[in-house]
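Chains H and W, in that order, give the protein sequences. Residue 63 in our numbering sits at position 63 of the first sequence, with consecutive numbering throughout. Position in the second sequence (from 1) plus 1000 gives the number in our numbering.
Think of the hints as simulated: they come from the structure by calculation, not from any bench. Mixed in with the good hints there might be a few duds.
Cross-link-like lysine-lysine pairs, in silico, BS3-like; alpha carbons within 25 Å at most [what the hints assert, rightly or not]:
id, chain 1, residue 1, chain 2, residue 2
1, H, Lys3, H, Lys57
2, H, Lys3, W, Lys1040
3, H, Lys71, W, Lys1053
Since this is a predicted model, take the numbers as computed values, not measurements.
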Amino acid sequence: SQKIEQNSEALNIQEGKTATLTCNYTNYSPAYLQWYRQDPGRGPVFLLLIRENEKEKRKERLKVTFDTTLKQSLFHITASQPADSATYLCALLLYTGRRALTFGSGTRLQVQP
Amino acid sequence: DTEVTQTPKHLVMGMTNKKSLKCEQHMGHRAMYWYKQKAKKPPELMFVYSYEKLSINESVPSRFSPECPNSSLLNLHLHALQPEDSALYLCASSPTILPAALEGLFFGSGTQLSVL
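Could you put the whole structure together from the sequences, leaning on the hints where they help?
Right, dumping it as structure tokens:
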């Protein structure tokens, strides 16, 4: 069956460190992968998109990698700040079939001052 | 205006009530979406509209009835809901239907629905 897995355990890191979140998927051939941030009681906010033929994408303190062989994306936040504390969701769009995003359940990041 | 506005923010309804959720965007987006999200779970797609026509219905029970009266508005009509339908209902939009949405989906803040 198709699955998108993100670490359900919260990730706690110290301010200033790099946070690395993982998104693994099985039995998908995604056209692209997106990362969103979600704060409690709010809708997700789009952060970055990476296509299946791209290895890495950067935006300010954010970096996303996409390894279609490992079926994994890594999401990095460098020089993390307490304001980065939130839940981070990955979402896949497939080449074929349903033309809609499928979301992972997210990983909660807590940055300690 | 780069916002998706959802009303109401909170809704409590009984199982025999009829209510509607409203979503509005003025970004000129032609694709609009309803998602349902339970606590600590991912958003689950319910419906997709493209150019005011229903494009995807994820086998949602008929007690949920979507409507897209024009390109800026999306409604979700609720009738005879069950307590397990309690969730955060999220509306989203994108310039066109996927996969062209390279800017991602724009989400509203959601309506927190409680069914008693």
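Cross-check of the supplied hints:
no.	hint	verdict
1	H:Lys3 to H:Lys57	holds (23 Å)
2	H:Lys3 to W:Lys1040	holds (16 Å)
3	H:Lys71 to W:Lys1053	violated (34 Å)
Violated hint: 3 only; the structure is consistent with all others.
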